[in-house]
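Student: Listed below are the residues making up each chain.
Number of protein chains: 2
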Amino acid sequence: MNKTLVVCSGGLDSVTLAHHIAHQSTQQQAQKQAQELMGLLTFNYGQRHRKEIDCAIACAQRLNVPHHLIDISTLGQSLQSALTSHDEAIPEGHYAADNMASTVVPNRNAIMLTIAFGFADSIGATQVAIAVHGGDHFIYPDCRPEFIEAFATMQQYALGKTPAITLFAPYLTINKGDIAAIAGELSVPIHETWSCYNGGDIHCGRCGTCVERLEAVHHAGITDQTTYADTTFWHQATQKNQPLADQ
Amino acid sequence: MNKTLVVCSGGLDSVTLAHHIAHQSTQQQAQKQAQELMGLLTFNYGQRHRKEIDCAIACAQRLNVPHHLIDISTLGQSLQSALTSHDEAIPEGHYAADNMASTVVPNRNAIMLTIAFGFADSIGATQVAIAVHGGDHFIYPDCRPEFIEAFATMQQYALGKTPAITLFAPYLTINKGDIAAIAGELSVPIHETWSCYNGGDIHCGRCGTCVERLEAVHHAGITDQTTYADTTFWHQATQKNQPLADQ
Numbered sequence: 001m002n003k004t005l006v007v008c009s010g011g012l013d014s015v016t017l018a019h020h021i022a023h024q025s026t027q028q029q030a031q032k033q034a035q036e037l038m039g040l041l042t043f044n045y046g047q048r049h050r051k052e053i054d055c056a057i058a059c060a061q062r063l064n065v066p067h068h069l070i071d072i073s074t075l076g077q078s079l080q081s082a083l084t085s086h087d088e089a090i091p092e093g094h095y096a097a098d099n100m101a102s103t104v105v106p107n108r109n110a111i112m113l114t115i116a117f118g119f120a121d122s123i124g125a126t127q128v129a130i131a132v133h134g135g136d137h138f139i140y141p142d143c144r145p146e147f148i149e150a151f152a153t154m155q156q157y158a159l160g161k162t163p164a165i166t167l168f169a170p171y172l173t174i175n176k177g178d179i180a181a182i183a184g185e186l187s188v189p190i191h192e193t194w195s196c197y198n199g200g201d202i203h204c205g206r207c208g209t210c211v212e213r214l215e216a217v218h219h220a221g222i223t224d225q226t227t228y229a230d231t232t233f234w235h236q237a238t239q240k241n242q243p244l245a246d247q
Numbered sequence: 001m002n003k004t005l006v007v008c009s010g011g012l013d014s015v016t017l018a019h020h021i022a023h024q025s026t027q028q029q030a031q032k033q034a035q036e037l038m039g040l041l042t043f044n045y046g047q048r049h050r051k052e053i054d055c056a057i058a059c060a061q062r063l064n065v066p067h068h069l070i071d072i073s074t075l076g077q078s079l080q081s082a083l084t085s086h087d088e089a090i091p092e093g094h095y096a097a098d099n100m101a102s103t104v105v106p107n108r109n110a111i112m113l114t115i116a117f118g119f120a121d122s123i124g125a126t127q128v129a130i131a132v133h134g135g136d137h138f139i140y141p142d143c144r145p146e147f148i149e150a151f152a153t154m155q156q157y158a159l160g161k162t163p164a165i166t167l168f169a170p171y172l173t174i175n176k177g178d179i180a181a182i183a184g185e186l187s188v189p190i191h192e193t194w195s196c197y198n199g200g201d202i203h204c205g206r207c208g209t210c211v212e213r214l215e216a217v218h219h220a221g222i223t224d225q226t227t228y229a230d231t232t233f234w235h236q237a238t239q240k241n242q243p244l245a246d247q
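Quick note, the sequences are listed as chains Y and B, same order. Going letter by letter, the first sequence gives residues 1 to 247 in the UniProt record's numbering. Going letter by letter, the second sequence gives residues 1 to 247 in the UniProt record's numbering.
Incorrect hints may have been included.
No distinction is drawn between identical chains; accordingly, a pair holds when it is met within one copy or between any pair of copies.
[Said to hold, decoys possible] Derived SDA-like pairs (lysine to any residue); straight-line CA-CA distance at most 25 angstroms:
(1) 161 <-> 138
(2) 3 <-> 141
(3) 3 <-> 164
(4) 161 <-> 139
(5) 51 <-> 78
These are calculated hints, taken from the structure and not from any lab test. Being a predicted model, the structure only gives us computed values, none of them experimental.
Given the sequences, and given the hints that come with them, work out the whole structure.
Tutor: Structure representation (structure tokens):
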């Protein structure tokens, strides 16, 4: 039986993953092959706002599982990053644009995953699930398949447990548009997920993650009740780059 | 040129490592093969006292390099451990005894190392050095050679840099007695390092790390100006287990 802890930021991808595993769990229980969604784990790493975290908490409530919050915000002060620095301007535009590289926190996924594995071990989980996807590969080295595989191997040795706690990354070879399609199939309330890097009351529609989200929703052809401050910018940004659907 | 960041707890092993690299650096500079000790990195993970951290700061001052402190104490609240819990009694005796397993923080080395690599990347270091040693292997899975190797591989992928930031663990195949001997050769002031798990004003001489330290000093046959509350218990504890020198 897999007891799965989902690393959930409160964004579209990880909220969909949590719903996905909860759905599979229900399906499998009906078939008497028990699987358990043990809970969601969110990191407070010094985000500009709490909306993303609140969306993760809301997701756990919807799925009736515990939500765990681990504060690593002091690390953000030590690791240089436009993402966690409130002084730097957020780059606008498509993720593919060079200026988005400044949003990378050095070693972010490796840091969060090692903590997630330590936490999983503490609560008796047997699997950690993350929502890294194919669209992240070209800008974030710590979202690529070779990293995921090497990380899982490292963790086998680090905890020295048999069986090892496994790393489940089912979206590794699909893109955000495909994830949005899964969200549609599972009726995930995507307007209750948060993607925007800016700290406004509504999604700005212009930052890298907003553009990527709007592309994904368009690609999946699903209904999106999210309110965006700018609903047309994403299309211009996409024109300047490879649209996600064609990657 | 290697620019090395040493992960330094303030204990005997990592302080010796810092002195060791600083010494090699000086030697190599004389030979015009530049190597640089960039600084020391210490984690505040909710230790029972600050003495260990103060010893790391003192080491950096002696070696005239920057000292960096990263606070991960909130993680300690999330990850079960006798080491970071102020409510549990510290086990006495030799590291080999079963009761010492409760001092293992789940995934501790992997967590600290991923943060160290992120920090190294931020400051432009090309190497992270740690003082894990052969004596740690049998109780801590995340001190074993196969972990160190897998971790270094994972980091190559995680940061995606060429050349990769390397992991230097020169004490991996020697024991603490051998490290104490190196400390003796380099005239490291070992009474200015801290090993005791208890929060007293002086080393207790009875906890696992005190016993291990006293064994190591005895094995190396070096002068130790450290004051211990109990100077005989370590020998009884060693009799019950394999002495370090015979491992």
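Student: Treating 25 angstroms as the Cα threshold, decide for residue 51 and residue 78: within, between, both or neither.
Tutor: Both ways: residue 51 and residue 78 sit 23 angstroms apart in one copy and 22 angstroms across, limit 25 angstroms.
Student: 25 angstroms Cα cut-off: does residue 161 pair with residue 138 within a copy, between copies, both or neither?
Tutor: between (33 angstroms within a copy, 14 angstroms between copies)
Student: At most 25 angstroms between CA atoms: does that hold for residue 3 and residue 164 within a copy, between copies, both, or neither?
Tutor: Intra 12 angstroms, inter 35 angstroms, cutoff 25 angstroms: intra-copy only.
Student: Is it within a copy, between copies, both, or neither that the alpha carbon of residue 161 lies no farther than 25 angstroms from that of residue 139?
Tutor: Answer is between; shortest inter-copy Cα gap is 12 angstroms, intra-copy 33 angstroms.
Student: With identical chains, the pair residue 3 and residue 141 could be close in the same copy or across copies; at 25 angstroms between alpha carbons, which is it: within, between, both, or neither?
Tutor: between (28 angstroms within a copy, 23 angstroms between copies)
Violation of the numbered hints given earlier is absent; every hint is satisfied by the structure.
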